[in-house]
Every structure is written in structure tokens, then in C-alpha cells.
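Novice: Here the protein sequences come in this chain order: A and B. Going by numbering that gives the first Met the number 0, 40 is the number at position 41 of the first sequence; the sequence numbering is gapless. Going by numbering that gives the first Met the number 0, 91 is the number at position 92 of the second sequence; the sequence numbering is gapless.
Everything labelled a hint here was simulated from the structure, so no lab data went into it. Certain hints may be false.
Stated by the list, open to error - Distance windows between CB atoms, simulated:
{"id": "1", "chain 1": "B", "residue 1": "I48", "chain 2": "A", "residue 2": "M0", "range": "23 to 33 Å"}
{"id": "2", "chain 1": "A", "residue 1": "E32", "chain 2": "B", "residue 2": "L112", "range": "16 to 26 Å"}
{"id": "3", "chain 1": "A", "residue 1": "V74", "chain 2": "B", "residue 2": "A119", "range": "47 to 57 Å"}
As the list claims (entries may be wrong) - Facing chain A, a subset of chain B residues (Cβ under 10 Å, in silico):
{"id": "4", "residue": "D34"}
{"id": "5", "residue": "A37"}
{"id": "6", "residue": "S38"}
{"id": "7", "residue": "N40"}
{"id": "8", "residue": "H63"}
{"id": "9", "residue": "T68"}
{"id": "10", "residue": "V113"}
{"id": "11", "residue": "D114"}
{"id": "12", "residue": "T147"}
{"id": "13", "residue": "T149"}
{"id": "14", "residue": "G150"}
{"id": "15", "residue": "E153"}
Where is the CB? At the ideal position from N, CA and C, for every residue including glycine.
Below, each chain spelled out in residue letters.
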Amino acid sequence: MAVLPDGDRQVLHKDIMSELSSRRESLGLTKDELRAAVDAIDQWIDDNAVSFNSAIPLPARTALTARQKVELFMVIVKRRWEVS
Amino acid sequence: MASGDTLLIFTPLHNEPPASNPATFDTRNAHPVLDFDASTNEDAVFSGIMPRNYAGGGLTVYLHYAMSTAISNDIDWDAAFERIGDQQQDIDSDGFAAVNSVDNTTVPATSGLVDIVSIAFTDGADMDSIAVGEGFRLKVTRDAASDTATGDAELRFIEIKET
């Protein structure tokens, strides 16, 4: 999977600002700095996709679809965020 | 004799949201606020009648705002007047004069602290030549395309003072 299109990154940038605003969480970054973080994280995911796939043990590595692997990744990250 | 007088006060409950890109009503600890987005330039519009104690001078618009998240960087605000007056403005259309601005204001270091910024208008075309006793509108815009602070800005009060 390639990196997200610029329009998707823009939407994510807007959404994270809206979400932080609704929770009134302090943030000491410029909009450009936050956007750079969005871009860098998306790029990091793309750069490490092979490594991520290799970390999944067999038989899950071959049995899960790409979307299922990403979903598994999301629920784990989400849970880690919830308990952090 | 009206120089320095407070002429009008608006709160978020006075907002007449425009059809496109309106600032949105919200509350913060039961304080009514208008949320101005960080990504899109949004507007709030307030109507009033220029009070009888207005002596014909310039106006200063004071904006009282807090930030939802930002604790650093800057914010830009624009304001513009539209004279409705006595047969001056067909209200089927908008007729706001050019905006005046207060730019590059560093936001408070604590989210929730209310900062006050001001925008001055000279008497005449700058304030669309509004005269005493005439109806008018004031449009307030966050210039989100130009400022750097993240997250929403929350407008809490507006004061119009005769300069």
C-alpha cells in the first residue's frame, strides 16, 4: 500500500485538530508542524510495511488478508492508546 | 464626548451564522463560545444599531477569545462592517466593507485563558460609513489560512468601543 494521497493527509490533519479541540487537549505545535507529523507517520508506516508483515507469525501471516492485518494493527494501537 | 465609550457588546448568542463556513456554537464549562476552525476560514455575523451616544468617530472592535488546544504560536482575526442604514443596503445581498485585521497575536500559554485583541476602524469608508442610529452588521473571521495555532479558537465576547 502506498502512502496516503495529499488530500487524505489534509483530512487527517483537520480531523486530529478537531478531535483535540473537542477534548480541549493542549498542543504546542504549529499547524505545519502537526501536518509534518502526519506526513512522517504515514511515510514511516509505508517504509516499515515489510517489517510489519514479517513480524506476524505463521500461519497468521499467510492466512490474514492485508486489510485484516491492518485492522489487527489498528485495534492493538487503539488499545495501547486507550490505556496510555 | 463618546470617545472611549463602549457602544455595543455581543456574545456568541447574538451570532447570525452565515450560510457558508459559519463559526459553530459550543460551550466551555457552560460559557457560550463560537468555535472557529483551524483549517477553514469561518465567519460569525452580529447585527446592531449604532447607539445614540455614538459621536461619529472611529471604532475599535475588541475580540475576547480562548484557544481549545493551542498553547503557543499565533492567531489572525479579521473584522468588517456592513452599513444597512436608511435605504443604504439591499439585504438580499451582502455589502461588507474591506476587512481590517489583527495578525500574528501569540495565543495564551494556557488553553482556556481569554485573550483580548483589538481591531481599529477609522470613521468613514473603513467602517462602511455607519452613522448614529443606523443598522449594521459586523463580520468576524478567523484567518485560519494564514495563522499557525492549531485547533479551534473560541470567541467569547465582542466589544465595540468608540475609539
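Novice: Provide an ascending list of the numbers of those earlier hints which the structure does not satisfy.
Specialist: When the structure is compared with the hints, numbers 1, 7, 8, 10, 11 turn out to be violated.
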